[in-house]
Every structure is written in structure tokens, then in C-alpha cells.
Amino acid sequence: MLPDAIDPSLVTGARDDAHYMERALAQARRAAAIGEVPVGAVIVRDGSVLAEAHNLIEGTPDATAHAEMLVLRRVATLARSWRLDGVTLYVTLEPCPMCAGAMVLARIDRLVYGAPDPKKGAVDSVYDVLRNPANNHRVEISSGILAEPAGRLLRDFFAARRGKFV
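Note that the working numbering has the sequence shown beginning at 1, numbered continuously upward.
Ranges of calculated distance between the beta carbons of each label pair, as one might list FRET restraints:
hint, residue 1, residue 2, range
1, Gly47, Lys119, 27 to 35 Å
2, Arg29, Arg74, 14 to 22 Å
3, Asn132, Gly59, 31 to 39 Å
4, Ala160, Ala134, 34 to 42 Å
5, Arg15, Arg161, 28 to 36 Å
These are computed hints drawn from the structure, not numbers from a lab. As the structure is a computational prediction, the values presented were derived from the model and not from experiment. We put the CB at the ideal spot given by N, CA and C, even for glycine.
Can you build the whole structure from these sequences, using the hints too?
Written out as C-alpha cells, the structure is:
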């Protein structure tokens with residue numbers, strides 16, 4: 001007799017996703033420690049981590065220095081190609097329109113994100129950039145991986161910031 005539901009932690013892919021999302025969360029914590037919005041990203045190909053980054057918008061200062069953009073740039077530089085076929089991008093927060101558009105343009109295979117972004121999310125929450133039929137590339141999407149700790153990190157960060165300005 002088959003069980004009604006399979007524990008996702010028993011599935012190899014789900015365990016891998018959680019492992020790489022933990023690495024992205026570690027990057028997000030590094031961002032928070034230096035006053036950046038705590039978003040972290042990791043790019044993986046065939047089980048190997050190619051790049052890790054966290055937001056650096058305040059420190060650069062560069063409005064495009066989102067964690068996703070930074071890992072895409074690093075891997076493109078390493079690969080000497082803007083085409084990033086075969087990679088999975090893990091990010092702790094649902095990507096914004098800029099980052100989602102860059103993922104389509106870079107031709108990543110898969111996106112895995114943690115917490116939804118109800119204000120600027122461009123995958124499921126507000127916009128649907130990755131599934132737009134006008135795109136010449138499709139990105140596979142998995143969401144909600146370690147969403148609770150990713151969301152809590154963001155909530156705690158912004159609660160602490162609001163406390164400083166009250």
C-alpha cells in the first residue's frame with residue numbers, strides 16, 4: 001500500500017534544494033550583518049556550486065546589485081558566456097522584475113526560491129515574468145523552499161530597522 005503523501009525530505013531533489021537554499025540563507029545572513037537587505041543566492045550546475053552572493057546595494061552603491069544579479073554576473077564571467085544553460089539559481093526571496101528578466105535572458109534552466117515577495121515578486125506574487133508567453137525561454141520554477149526561515153530573516157531585519165527610526 002502506498003502512503004497518501006511522500007515526505008519531501010525523502011526525495012533526493014528536495015533534500016538537494018533544501019541544502020542549496022541553506023547556503024543561500026547563509027549568504028542572506030551575511031547581508032543582514034552588514035546592513036543589506038537579507039537576500040542570498042547560489043547558482044549550481046550538476047551538483048557543484050558555481051557562485052554565491054548576497055545583496056550589496058547599499059555598499060556598492062548600485063541599485064542592480066541584487067544577490068541574483070551578482071551570481072548571474074559571476075557565473076557568466078567564469079563561463080565566458082552570458083548563456084547559462086544547465087544551471088539552477090537558488091534565492092531566498094522571490095525575484096523582482098529585473099532579476100526575473102535577467103534569468104530569462106541568461107537562459108537558466110531552473111529557479112528555486114524561498115519566501116514570496118507580495119510587493120515586488122515577479123514570479124508568482126505580483127508579476128509573472130518567467131511564464132510570459134512572449135519569452136523565448138522557459139525557466140522551471142520551484143517555490144517555498146525554506147520559505148519560513150527566509151521570511152523570518154526578512155521580517156526580523158525590517159522590524160529592527162523600523163525600531164531604529166521610530
